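K.L.:
Following the hints, put chain B with the ligand in place on chain A, whose structure we already have.
Top to bottom, those sequences are chains A and B. Residues in the first sequence are numbered from 1 upward in steps of one, following the numbering used here. Residues in the second sequence are numbered from 1001 upward in steps of one, following the numbering used here.
Watch out, some of these pointers could steer you wrong.
Derived lysine-lysine pairs resembling DSS-like cross-links, with alpha carbons at most 25 Å apart [said to hold, decoys possible]:
no., chain 1, residue 1, chain 2, residue 2
1, B, K1027, A, K49
2, A, K59, A, K238
3, B, K1027, A, K44
4, B, K1110, A, K392
5, A, K392, A, K243
FRET-style restraints, in silico, Cβ to Cβ [claimed, not checked]:
no., chain 1, residue 1, chain 2, residue 2, range
6, B, D1113, A, L354, 42 to 52 Å
7, B, A1136, A, E166, 44 to 54 Å
8, A, D229, B, Q1146, 49 to 59 Å
Here are some, though not all, of the chain B residues that point toward chain A, as calculated from beta-carbon distances under 7 Å [to be verified]:
no., residue
9, A1040
10, S1066
11, N1097
12, N1128
13, P1141
14, H1143
15, L1153
16, L1157
These aren't lab readings, by the way, just hints derived from the structure by calculation. Treat the numbers as computed from the prediction; the structure is a model and nothing was measured. For each residue, glycine too, the CB sits at the ideal point set by N, CA and C.
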Amino acid sequence: MGQTLAEKIIARAAGCDKVGPGDIVTCAVDLAMMHDSGGPRRVKPLLEKLGVKVWDREKIVVVSDHFVPAFDLQSAEILNLTREWVAEQGIPNFYDMQGICHVVLPERGHLKPGMFVAGGDSHSPTGGAFGCFMFGVGATDMAGILATGETWIKVPETIRIDWSGEIPRGVCAKDIMLTLCATLGLGGGDYQVVEYSGEVISSLGMQERMTLCNMAAELGAQTGLIAADQTTAAYVEKVTGEKPDCQSWQGDLDATYRDIFSFDANDLEPQVAPPHSPANAADVGEHVGTGINQAYIGACTGAKLTDLKMAAEVLKNRRIASNIRLLVAPASVREMTQATQDGTLGILLEAGALLMPSGCGACASYGAGVLGDGDVCIASTSRNFQGRMGSKSSRVYLGSPYTVAAAAIAGEIRDPREFLEGFGS
Amino acid sequence: MMHKAGRAWVFGDNVDTDQLAPGIYIKLPIDEISKHCLEAIAPEFAGSVSRGDFVVAGENFGMGSSREQAAEALLDLGISAIIAQSFGGIFYRNALNFGLIPLICADVSKIGDGDQICIDPEAGEIRNLTKDETYACEAMPEHLLQIARAGGLLPYLENRLG
Ligand code: SF4
Chain A
1 MGQTLAEKII
11 ARAAGCDKVG
21 PGDIVTCAVD
31 LAMMHDSGGP
41 RRVKPLLEKL
51 GVKVWDREKI
61 VVVSDHFVPA
71 FDLQSAEILN
81 LTREWVAEQG
91 IPNFYDMQGI
101 CHVVLPERGH
111 LKPGMFVAGG
121 DSHSPTGGAF
131 GCFMFGVGAT
141 DMAGILATGE
151 TWIKVPETIR
161 IDWSGEIPRG
171 VCAKDIMLTL
181 CATLGLGGGD
191 YQVVEYSGEV
201 ISSLGMQERM
211 TLCNMAAELG
221 AQTGLIAADQ
231 TTAAYVEKVT
241 GEKPDCQSWQ
251 GDLDATYRDI
261 FSFDANDLEP
271 QVAPPHSPAN
281 AADVGEHVGT
291 GINQAYIGAC
301 TGAKLTDLKM
311 AAEVLKNRRI
321 ASNIRLLVAP
331 ASVREMTQAT
341 QDGTLGILLE
351 AGALLMPSGC
361 GACASYGAGV
371 LGDGDVCIAS
381 TSRNFQGRMG
391 SKSSRVYLGS
401 PYTVAAAAIA
411 GEIRDPREFL
421 EGFGS
Chain B
1001 MMHKAGRAWV
1011 FGDNVDTDQL
1021 APGIYIKLPI
1031 DEISKHCLEA
1041 IAPEFAGSVS
1051 RGDFVVAGEN
1061 FGMGSSREQA
1071 AEALLDLGIS
1081 AIIAQSFGGI
1091 FYRNALNFGL
1101 IPLICADVSK
1111 IGDGDQICID
1121 PEAGEIRNLT
1131 KDETYACEAM
1141 PEHLLQIARA
1151 GGLLPYLENR
1161 LG
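Isolated chain A (complex conformation):
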């Protein structure tokens, strides 16, 4: 019987020929990623208690992205502690205020198909877009990994999600994920692996694939995965200068899947998830007319270059409504630089967007852009749990960058296709 992609990667990391669902195995970690919030400030005292240093400084990447730039004494202290710890441990791969970890990691060439990667953040499944088994852990697990280079894992089953057809204009990977949240539910992934496949996935670029794997977290999956193909290979070769081995890291044709779900993208509509759950998602039509006072294009989920371009398509030669604020926090400094060079950022700023630092910022109320009592926001982020972006009484709607941009223009939720060229009037 064949093996799934996840089983192959886990077996290799565990040093076994084969693993089966439900086995608890100890795996050697190829790479450990952590950020300023769950990283050094939490793992330092634990490593000191154990009396050990990190197991392999070359296999660790640290990214400061949650509290950047410092906005009060506490955040300044956290960032300084992060810098000092990285220097003390001699960790070469440290990205200080260069963007959100899940976007910085691949753009700096740290991810390759077949790797077994632990990330100190729940959106670590983003790395699955590159054919890595990358999953999120808390800080104590991370401290254990830093001390020993290993961690235990219960081998998951794989749920395959196939998308056929063609994504219509004005609709994107974010809409796919919101639909999946509504259909499968936030526990639908059941801490197993969701592997995306089918002609839609093959047609998507790496950034859209990252959105799919990123929000595997919202399905409650252990991770998301997309088997490497030519698009993956071309990206990895560009950033690392080396041709990756894609052939070894494919699921077998006769692998066993727990479930296979098939979806057709042809009829997919832009989606909006009202408060307080991504699983509340429905066609945008159901929420047209809902007034907002903040629009946020940000986060690892929704502010990569591809996302900024979607927003720019809608905002080109338009102004945002006078009574709302549009905050844009590009997902990384590199993405921001590219968006500056290709004119995307100019379009957003001319429309009235306020440019925010590349970091987590308002997504989880870690930085500027926090919502006050009664505020209503539409965001390209991944989660709209109660109080996540600030006040308990604030309300967050989730949508694609197209949909967020359209709401910014109208001051209320609208179908973004109204604002795209080539649609009706």
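P.N.:
Just chain B with the ligand, lined up with the frame of chain A:
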């Protein structure tokens, strides 16, 4: 071994990490964060919970962020175990790492808010003293029981490395 009896605090499905440890307080020490634990859905909880009480919940408890303060806040408030139909995967590991026992039980709906209960993780048993009922919970795999017996991942590693 049976734990001492305590009060059950009953919650629904999909209790998330933003409710357990809200982001706006995440820079603060745990005893400050825990004052706000679950305040969005149960404002009285943090102020009235007693040491040795239990959290009982439906599906997907602790879904969301990897921030382990979500589990640590419950520990700080004195919760000794969480019994749920299912857990968010990262939260499950985080709780276990703090020695906060996560038990998976299909019968949680039989436990009422305020019931006195006690648990035996090794035997996979929950006793409801108020209703005089016993429920089975999923057996914890041996590897995880070892971490639980040590009192969490850190003491477990201390034994192993020391
Ligand atoms: S942008 Fe939001 S979802 Fe992404 S890592 Fe930061 S806090 Fe988490």
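K.L.:
Among the hints numbered above, which are violated by the structure, and what are their numbers in rising order?
P.N.:
4, 5, 8, 12
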